[in-house]
Structures are given as structure tokens and as C-alpha cells.
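Trainee: Each chain, letter by letter, is given below.
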Amino acid sequence: MEKIAVQIDDLTVAYNYKPVLWDIDLTIPEGVLMAIVGPNGAGKSTLIKAILGIIKPIAGSVTIYGKAYTDQRKLVAYVPQKGSVDWDFPTTALDVVMMGTYGQLGWIRRPGQKEKKASLEALEKVGMLSFKNRQISQLSGGQQQRVFLARALVQNASIYFMDEPFQGVDATTEIAIINILKELRKAGKTVIVVHHDLQTVPEYFDWVTFLNVKKIATGPVKQIFNDDNLTKTYGINYKVAVNK
Amino acid sequence: MTITEYFELVFTDYTLRTITLGTAVLGAISGMLGSFAVLRKQSLLGDAISHAALPGIAIAFLITGTKDTNILMLGALVSGLIGTFWIRGIITKTHLKTDTALGLILSLFFGFGMLLLTFIQKQPNANQAGLDKYLFGQAATLVEKDVILMVIVTAICLFILLLFWKEFKILLFDEDYTRTLGFNTRFIDILITFFIVLAIVLGLQTVGVVLMSALLLAPAAAARQWTNKLSVMVTLAAIFGAFSGVFGTAISASQNNLSTGPVVVLVAAVFVLFSFIFSPERGILFRELRFRKNRRDLQLQKTLQFMYGIAKTHENISHPHAIKILNNFQGFTKKTLQELEEKDWIELNGQQWAMTNEGFTAAENLYNQQVPNV
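Top to bottom, those sequences are chains A and B. Here my numbering is used: the first residue of the first sequence is 1, the next is one more, and so on. Here my numbering is used: the first residue of the second sequence is 1, the next is one more, and so on.
No lab work stands behind these hints: they were computed from the structure. Cβ coordinates follow ideal geometry from the N, Cα and C atoms, glycine included.
Covered by chain B, according to a simulated footprint, are these stretches of chain A (three or more residues, beta-carbon under 8 Å):
1) 46 to 56
2) 78 to 85
3) 93 to 104
One chain only, chain B, in its complex shape:
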């Protein structure tokens, strides 16, 4: 199947449609909530939570014996939340720093989860196969009811986001201040964290424990590059996430045996790369271009300044001088002379140059940066 065939099929084929919709919705909710994680400088929290969810999946299976996704996800949710509260507990109750707490819980829970998975695999029970798909995710197992659940959670999340928008924003920016205004910052904080955990758990089936945090962070990191407005950033992140889901599914469906989760994450990474390079204000490319332009302008100004120094000593400022005398000066090139002439700051005549009145005034005011106060 080629990509174009995929896009023709996506509207008719039930399985493809379900998977595409699922990854798109997942990308959207991850992007949205990922923005908050990134702005709270809790990027690694997502990684810790997703890893912390693994033992929950295994325990849910051991208790119930079913592989019903909803039950396994419930287990993941519980253990993800426990992991999160332990992390917060370690940070507030001990001297350990955030990164240590995250690393500790991540590896501890993940190790325990892996232990349980291998234990389950040794069981003489035919039902046990396939739990390891939660490690890297398997989008192909998405069915309609999974997608419906994702849509419902996303809708609730969106509603809460709009309802508490003002509170989320101020908490993200200045937590102490928020508290002095009388808001219960703990409640807002727990609300945000709960939805982040929820989004991560939703993504485990599709993207898996190991890669889920990338889907949370990549769209948000990409979106931050394009805007200085929180609402735009969250919207963009949701769009980037959704597109990563759709394109990722398209690519993996059109190439045999490419597993969807990693492809979705890679597409999201392409969004990040593109944004880092090409975003107009923060991107590397335009920053470099601006830097070069500044350097060129500075060179021009230096040359003009030098000429000004010469012209100043003459009664007639437009008295012509030989271009040769500029050769001692480093900033000068043929090109700068031409540019200066284009600006009407100097006149060129054979091997001579002469300053114009405009050029003289421009040079005079070049570094007179009289910034009006207040």
C-alpha cells in the first residue's frame, strides 16, 4: 500500500479509520497536556509516569486474568498515580532533587513491572501472551471502543482546560503568587497532573511505556517555537500531535511491518526539528540570518563612521577623498561602498568618494542612542 492508497482507504476501511482516529486523538490530547508539562518544567515527569504505569498493567492482569484494555488501563492509571505521588512525596519530604526522585521512581517501577511481566510469561496460561505490547505499543490492537474512550477523555479534558484556563495559566507562570490570591494551588496542580497521567495511560496501548513521553513533549516543544501566546501554543501542540498521529499511522500502514508507535513519535520529532530550524522568531535559521544581517549592518556603520571621521576634518564635508585611504581600515569592502552609495550616504566618482549631507547626519547620529526615559 502506498501513502495515497492509504488516504483513499482511510475513509472506507474500518480498521485503518479506527487506528488513524485513535492516534490522532491521542496526539491531540498529548500535545495539549504536554504543553503544560513543558511549561512547568516537568518534562521528565511524563517519562516517569509512563514507566510507573507498567506494574499496574501487570498487576491488573494477575488479579483479573483478563486482557481487557479498560481493566489494564485502570491498573496503569492507579500505578501511574501512585508513582506520581511518590515522586512528589520524595521531593517535598526529603532533600532529594526532582531529577533524582524522577529517576528513582522511573527505574524502580519499570524494573518491578518488567519483573512481573517475565513472571507472567512463565505462567502455564495461554492467555498471558501479548502483555509486552505495552512496552512499545501496538496501534493495530485499537478497536472502536478504545477510540471512543479516548474521545470522551479528550472532551472532558478540553472542557476542564477551558473552564480552569485562567487558573492553569497563572499557576504555570507564578505558583506562589497564585496562592496569595487565594487559589488552592494544590487542587489546580493535582488537576493538571491527573490529566497528564490520564493522557499517558491512554497512550500506553498505542505508543507504549517507553515512548509515550515523547508524544507528550515533542508537539509541545515544537509549538513553543512558533508563538508567544499560551492559547496558541496549546492549540498548535494539539494540532501537531494530531498530525503526528495521522502521518505516523499513514507511514506505518503503507510500509509493511513498521510499528506505528515509534513512527508516530518519529513524525513528531520531525515537527520538532522543522520548528527548531524554521520558526521565524526562535528558529536557528532566521536567528542566523538576523545575526548575519546585523554583522553586515555593523560593518557598514563602521565604514561610515570612519569616513565621517575623515570628512569632519574638512570644512566642506563633501570634499572628495581617495578610496585608497580606506584600505587601512578593516571593515571596508567594495560591497560596503556600493551599499553606502545606494543609501545616498556617499557619492562615488572614479577612485574618489565624497560624503553627502545625509551620510554626514546619519553618521553623526549613529551611536547617539537617546532613549527617552519611561
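So here's chain A without its partners, still in its complex pose:
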């Protein structure tokens, strides 16, 4: 059997007594490109944040390759929602990508030539090298998303968590991003993506988790991405054209 990248047991998260995630059990095998889908308020972002320790769950446990997240940080990279930061912050694209190296550096140590080189390579990978000195507010939404992706790439992790990387980007950027994600999977990395566009799930992903406060289903797209699960997740009689 393949290795397990992320193991979640009985995870429950609540904001102000109202459960946002209820008793989630989830096993994510190594090397999958997985979409987390579900309606607004289903707790998709919360799930990622709880895995990463940004939000404290009221119950349950998460392990990364069998150990607690705090011991495995360096194996994990995170791409937050683009809208979660102030893009008018006085800094450049290269500078933001360099932040991806801070975790490896630890406290106080400053990034040097090695980190700069890695950051420039990451920028090149997402096609943003020529924008390296651009102030981040002068980047388009798609470019900002690419910078965030580059920041995660420079972490050189084994597992990537991405919160809606396709939100508000044009078709070109979407293709560029998905190609990078597919490359990551080819390199044996595990990629977990909060995703909204159900139409593209079969095309982009090989694994899917349906989530609506509770976990509805999880497994290979070919087996479980069907009207039955979609209806259970979205509550309406959802019909989607799936190429089987």
C-alpha cells in the first residue's frame, strides 16, 4: 500500500459554538493531486487551516507522515487565499517569494545568495521572473497568485496546501498553475487544493474530497466524482457532465 501523507482523525472545528467541521476522518495518500470541493461555508478553507495549525480544532488529531504537524513543518507548504493579505504592502514580488525561505532559515538568520537564487528560480517557474522587482500592488490578480505559488514552491516541500489558487485568475494563468501542480504530482509531491469549479475537477485532479461540514466522500475522481456525491454535498440535484 502507498504511503499516507496526511492522516486526519475525528477533527472537529467550531467558531462560536457552531461547528464548521464535524468529526472529519480523512486519509490522503502520498502523490495525489486532490481537490476539496463543497459549497460556500462548507469548511474547506477551515480544514486546511486546521491541518496547518492556524486554527485550533476543538477535537481530533492531524498527522503528516505519521508525526505531528509541528515536527513536520518543513515538509509542508501553504498557499493562502490571495485576498487574505494586503497587496499594497511595500514590498516586491521577489521579496514575497523570499519569504518562502524564512521557515528553513528559522529565527533571526537572514536570507542570502542561496535563498535569492532559489527564489528567482521559483519566479521563473511560474513565469514571473521579469516582474521580480515589481511592487506587488502593481501586479494583476493572476500575477499575484503566481507569486504566492512561487513562494510555496521555494519551500521545496513534500505536501502543498492551496486555498483557491484559481480564484479570479484568467484562463492563461489557470493553465499555467495547473501545469505546475501536475508537475509537482509527477515529482511525487502531494497537492491538496480547495477548488470551486466542479467542471474542471475530472480534468485537473485525480483525487477528490467532498466536504460540507462533514466529510461526504473521498477517493479517486474516477470512482467517486458522480451525481450522487455532488447531490449529497450541494443539497440540490446536481447534474454534471463527467467523462467516464
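Since chain A is already given, all that's left is putting chain B on it; use the hints.
Mentor: Just chain B, lined up with the frame of chain A:
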């Protein structure tokens, strides 16, 4: 005393030198830390903290009975910190929003402080007079040991800032992400907030409870206009703050009875105003100029486009046409014609115009914005 006399005296006169140095150092540290407050969108936190410090001053006096600035400031520091942690507590533990929490703590602590001040004033104790100077500050009471304390705190603050620069920067930009990298964001956050509180408390004697937040925010707001680099912004804010201190003291010393604190704040406000108008990228003036230039360029392009439409229908694109036929078209003025001729896009001949080859190519490619992908 005139301003020039002031600048001659500042190097020899002990009192003037002390006050000037004090306000300058205070301006510098406020500007530096104010940048962080502004970028964290916690501008109002400074105001709440400074007001929250007032009861601490009064209580410190009631307990010790002395008016020693260090002891009073210690009281201010404690009550400022309590106020800050209450604000954070309200935000995390209740449904109330940040602005509500700030407003609540600000008025609550300030009201309590005022109550204590009036209570102290009713006491039959000759020593009580003068505590109300902390409301608006009184730079004239600065003595050498106050300034030495300011310099020491500023030096420590600078050291911490340089040491944890990377951590401060990433926390300011993206707190959640910082946490996933394994940094203790609470520690960084408390460190920043602690120094902001410290700077505010240092300024209470000089600028006072009511105006201190302006000294924190104004230099930072001004500095943000001039740069897109965090390090430059913090440095600029410190410089603006220091200059506000020096000029403010100079003006207040040269005009009788002008109290220093408010003048320093007003000078800082002038920096802000100047920056809002004249900074090259974000300033109002240059933005307006750029806007006008764009409009002019667009008008030119519209006219050219119209001419292109006419020229296209002829086999010889340089076939002359009457200027009159352009009159139906709104974008056209005499000036645009001249400008087009200067660019060699058209040739004017009496009442006739003719398109050049360059003009034709330029018009053809005008809106062909083929942006190469990636």
C-alpha cells in the same frame, strides 16, 4: 527669539538642546514604530493605548506621592499594556469588532483617568499640581535624564528591529503564513505591540495623551507615500518624525507661549500634507498630471484613428484631405493636429492634411495590444 536665533542657540543653550534632542528622538522612534502600526492597520491602537495610559499616571502618583517622571511613566506603561491586552481580549473573546473594542477601552480608561485627575486635584496636597500636563504634554519639562532614557529605549528598539526584521516583515504581510512556517506569531506580535506601547509612554510627557497617536501615525503615513520598500519607509518615517520634533520645537521656542506638543504634531501633519500632494507615484498632483496626459494622448489617438479610417479607403494613403471633414469629429482640435504633425504622423498643407506611412502604421497598431503570454 526668531527661528535663526533658535538654531544658533540650540547648540549652546542647555534647555533648548535637551528639549530639541528629546522631541527629535521621540519623533524618530514614533515614526519607526508607527510604520508598523499603520501597516498592520492598527492605526487607532496607538490612540487607544495613549488614552489608556492616563489612569496609570494618576494611580502611580496616588500610590507613591511623587511626580518623578520615571515612576509616572512606569504607571502609564502598566496601564497602557493592560488596556492593550483588554482590547485584544475583547476582539478574540467576543463578537465585537476591533473599532468597537478600541473605542470602548479608549473612552473607559480615559474617563477613569480624568476622574482620578480631578480627584487628585481636590486633595489638600501642594504636590498635586501639574499632573494635567500629561494631557497635552509639556516639552519644557524635559530634562537630561528623560532624554537619556529616550535614547536608550530607542537604541534597544532599533536593535530589536534589526534583529527581528525578517520576522516583523513577514508577520506584517501575512500572519497565517508566518505561523505555518513555524514562527511564534504571538511572540512577534507582542514584541511589536510592546515597543509601540513603550514609544507612546515615552511621548506622553512631551506630546501628551491626546495627541500622541498623531506623532505615531503622521510620519509613517507621510513616509508610505514616497516608497514601496519597507526598510525605506521605516527609515523615512523616523527621519520625518525627528524633523517634526526639531522644527516643532524651533517654532514653539521662537513664538512665545506656543506649546511644543501640538506644534510638533502640526509640523508632522505638514509632512503628511506635502507627501500626499507631491510624492511622485502616489501623490495627488502627479496622479492628476498623469491623468491629464493620458487624456491628451487618448484624444490624439482618437483623432489619428479617425484619420486612419478615412485614409484606409484610398489607394494612396497619403492622399490629402480637407481639415474640414475632421470637424464632425469631437476629439479633434488645432493642437492635436499640430502634435500629430510633430510626431510625423501627418503632413499639414494649408487646409489639407495627409497621412504619412509612419502615421498609418502607428494607427494600425494602436489598439493591437498583443501581450505575449507568460
